[in-house]
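Chemist: Chains as they are written, first to last, in this note's numbering: chain A, 1 to 218; chain B, 1 to 218; chain C, 1 to 218.
One should not assume that every hint holds.
What the hints assert, rightly or not - Using 30 Å as the maximum straight-line C-alpha spacing, the simulated DSSO-like pairs for lysine-lysine come out as follows:
| id | chain 1 | residue 1 | chain 2 | residue 2 |
| --- | --- | --- | --- | --- |
| 1 | A | LYS33 | C | LYS33 |
| 2 | B | LYS33 | C | LYS33 |
| 3 | A | LYS33 | B | LYS33 |
In case anyone wonders, no lab produced these hints; they're calculated from the structure.
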Amino acid sequence: MLDQPFLSVTIELLDGLGTVAFAVSGALVGVRKNFDLFGILFLAFVVAVAGGMMRDVLIGATPPAAMHDIHYFVIAMASGLATFFWYPRIANRTRLLQFLDAIGLALFAVVGTQKAIEYGVNPVMSALMGMLTGIGGGMIRDVLSGDVPFVLRADLYALAALAAGSVVAVGTLVGIPSIYAVLAGTGLCLFLRFMAIYRRWRAPLPPSAAIRRPEAGD
Amino acid sequence: MLDQPFLSVTIELLDGLGTVAFAVSGALVGVRKNFDLFGILFLAFVVAVAGGMMRDVLIGATPPAAMHDIHYFVIAMASGLATFFWYPRIANRTRLLQFLDAIGLALFAVVGTQKAIEYGVNPVMSALMGMLTGIGGGMIRDVLSGDVPFVLRADLYALAALAAGSVVAVGTLVGIPSIYAVLAGTGLCLFLRFMAIYRRWRAPLPPSAAIRRPEAGD
Amino acid sequence: MLDQPFLSVTIELLDGLGTVAFAVSGALVGVRKNFDLFGILFLAFVVAVAGGMMRDVLIGATPPAAMHDIHYFVIAMASGLATFFWYPRIANRTRLLQFLDAIGLALFAVVGTQKAIEYGVNPVMSALMGMLTGIGGGMIRDVLSGDVPFVLRADLYALAALAAGSVVAVGTLVGIPSIYAVLAGTGLCLFLRFMAIYRRWRAPLPPSAAIRRPEAGD
Numbered sequence: 001m002l003d004q005p006f007l008s009v010t011i012e013l014l015d016g017l018g019t020v021a022f023a024v025s026g027a028l029v030g031v032r033k034n035f036d037l038f039g040i041l042f043l044a045f046v047v048a049v050a051g052g053m054m055r056d057v058l059i060g061a062t063p064p065a066a067m068h069d070i071h072y073f074v075i076a077m078a079s080g081l082a083t084f085f086w087y088p089r090i091a092n093r094t095r096l097l098q099f100l101d102a103i104g105l106a107l108f109a110v111v112g113t114q115k116a117i118e119y120g121v122n123p124v125m126s127a128l129m130g131m132l133t134g135i136g137g138g139m140i141r142d143v144l145s146g147d148v149p150f151v152l153r154a155d156l157y158a159l160a161a162l163a164a165g166s167v168v169a170v171g172t173l174v175g176i177p178s179i180y181a182v183l184a185g186t187g188l189c190l191f192l193r194f195m196a197i198y199r200r201w202r203a204p205l206p207p208s209a210a211i212r213r214p215e216a217g218d
Numbered sequence: 001m002l003d004q005p006f007l008s009v010t011i012e013l014l015d016g017l018g019t020v021a022f023a024v025s026g027a028l029v030g031v032r033k034n035f036d037l038f039g040i041l042f043l044a045f046v047v048a049v050a051g052g053m054m055r056d057v058l059i060g061a062t063p064p065a066a067m068h069d070i071h072y073f074v075i076a077m078a079s080g081l082a083t084f085f086w087y088p089r090i091a092n093r094t095r096l097l098q099f100l101d102a103i104g105l106a107l108f109a110v111v112g113t114q115k116a117i118e119y120g121v122n123p124v125m126s127a128l129m130g131m132l133t134g135i136g137g138g139m140i141r142d143v144l145s146g147d148v149p150f151v152l153r154a155d156l157y158a159l160a161a162l163a164a165g166s167v168v169a170v171g172t173l174v175g176i177p178s179i180y181a182v183l184a185g186t187g188l189c190l191f192l193r194f195m196a197i198y199r200r201w202r203a204p205l206p207p208s209a210a211i212r213r214p215e216a217g218d
Numbered sequence: 001m002l003d004q005p006f007l008s009v010t011i012e013l014l015d016g017l018g019t020v021a022f023a024v025s026g027a028l029v030g031v032r033k034n035f036d037l038f039g040i041l042f043l044a045f046v047v048a049v050a051g052g053m054m055r056d057v058l059i060g061a062t063p064p065a066a067m068h069d070i071h072y073f074v075i076a077m078a079s080g081l082a083t084f085f086w087y088p089r090i091a092n093r094t095r096l097l098q099f100l101d102a103i104g105l106a107l108f109a110v111v112g113t114q115k116a117i118e119y120g121v122n123p124v125m126s127a128l129m130g131m132l133t134g135i136g137g138g139m140i141r142d143v144l145s146g147d148v149p150f151v152l153r154a155d156l157y158a159l160a161a162l163a164a165g166s167v168v169a170v171g172t173l174v175g176i177p178s179i180y181a182v183l184a185g186t187g188l189c190l191f192l193r194f195m196a197i198y199r200r201w202r203a204p205l206p207p208s209a210a211i212r213r214p215e216a217g218d
């Protein structure tokens with residue numbers, strides 16, 4: 001894992017902040033979809049832990065970390081309750097939430113990739129597992145609330161996570177000290193997210209988009 | 001696990017009855033959504049086993065119990081076929097189905113929590129795993145049939161399961177004989193479900209519900 | 001597993017062709033739903049591996065084979081990119097795609113059933129795991145793109161996979177050499193799919209379909 005206690009503490013702190021942003025994103029969807037208090041807290045928790053749980057199940061690290069470690073639960077409950085009671089005030093902090101969410105995405109992707117590598121997963125799949133850690137919670141949130149997962153359409157969200165994971169996977173492969181790989185991966189993810197938010201960078205659409213037929217059987 | 005053979009047999013019986021209700025709830029959705037025979041049986045089976053399978057995967061009890069034990073399969077097929085052939089007659093037994101469903105929910109939650117505790121999961125997550133055992137099948141049913149899971153919005157359904165799981169988890173923690181914890185948890189779950197059905201008890205909605213903006217970015 | 005190297009190579013080849021068809025089916029949905037390049041590749045990959053991953057998680061074969069073996073990833077990326085750039089041309093090859101897809105379905109079901117049996121799963125659940133291997137990717141594709149999984153309503157798709165799995169499971173049970181069970185299962189699956197496509201064979205609808213009430217509570 002990480003060889004430096006300071007880095008380790010910083011990462012846990014950022015991971016906590018990211019978890020807050022993830023949980024709030026779940027709770028906001030719950031409020032907007034008219035879920036009750038339970039549904040709101042449930043979505044908050046799901047966004048916070050589902051990505052990591054899917055990763056752990058897939059890499060064979062069962063039971064998943066979130067089963068032992070209730071700090072995700074506590075953070076999710078607190079974030080969900082805050083959103084429940086102060087919905088408009090929290091929902092209006094769009095920029096702050098996007099910023100924290102980008103941090104969460106970067107951290108989850110970086111730490112998720114490292115964990116997959118530790119479990120002997122090959123580098124390509126490790127980077128994908130890092131991405132899954134970052135985007136999995138949001139995907140489940142969207143599916144449960146009846147939406148097509150927004151990560152499939154927009155905003156370099158998943159790609160930013162995958163970029164972070166790839167940097168860590170390549171870094172590990174070529175033997176760079178993990179602190180540099182972590183910093184570079186996190187930085188790249190944040191950069192891509194901010195370019196997506198402020199400059200509207202996007203992944204390309206299919207060249208056939210203009211001439212596509214509305215529905216083609218299958 | 002349970003220390004008394006009589007309790008153990010009673011629980012298996014109630015578990016079977018609950019499984020019938022769960023499978024029927026899946027088959028009813030299948031009929032209403034115009035699925036064919038296969039789709040109807042598939043949904044019946046999914047509701048009966050998906051919650052327990054998710055729990056087992058998450059607590060590391062793989063392969064899940066339902067992989068060895070085909071009585072869930074048999075119950076689900078019989079319930080699904082009955083619903084297929086006698087749809088209106090079965091669908092009209094709303095009260096009976098709600099009663100059996102409440103029993104299934106309570107039993108799945110109680111037994112699910114106990115199993116998680118046996119596997120060394122901490123009490124908070126064990127109660128949540130009990131809840132997942134109870135509500136997981138219905139959530140997958142709703143997602144597969146294109147609905148937002150109703151447990152996220154209504155009826156104290158998940159909360160009743162969580163209450164049952166919490167009673168068992170706390171009971172185990174303070175060392176109460178499991179028979180009392182099981183009975184108390186089951187009773188509380190049934191009580192909450194009946195209050196939800198007959199007295200329309202609900203979990204609270206966000207205070208901001210009245211002033212909520214229709215869509216707020218993100 | 002398989003006792004004959006020639007059969008083994010043939011199966012790997014057909015498995016690869018089937019994976020192409022599965023990945024293309026994911027990418028086509030992505031293009032039609034206006035996903036960007038990332039979303040398209042993601043769906044292509046999901047259809048190719050999700051069924052096998054779910055099977056492996058459920059039978060306790062973690063980490064799933066797809067975590068070690070990146071040839072699914074490579075096939076999915078190539079198929080997804082081809083679909084991205086040449087959408088109309090590929091989408092128009094309906095018959096070829098249906099043919100390859102039927103091969104993929106049969107192979108995934110047969111190989112999935114064999115793997116479950118090897119892991120000690122009972123025959124009934126092994127056949128179901130074979131079916132899940134075949135249909136799981138398509139189900140996740142449909143859920144992620146906001147549709148009700150088409151396997152729940154149509155075309156003997158899942159039933160053909162289940163038939164293939166059942167033949168293999170029964171064949172193993174009665175001690176038939178695996179090559180015959182594999183050939184018979186594959187043949188039956190292909191036959192059922194072609195009858196569904198060309199003769200419109202269907203699973204039965206509930207007898208109550210005509211007299212069904214539009215919505216019946218619960």
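Chemist: Go through the numbered hints given earlier and state which of them the structure violates, listing their numbers in rising order.
Modeler: When the structure is compared with the hints, none of them turns out to be violated.
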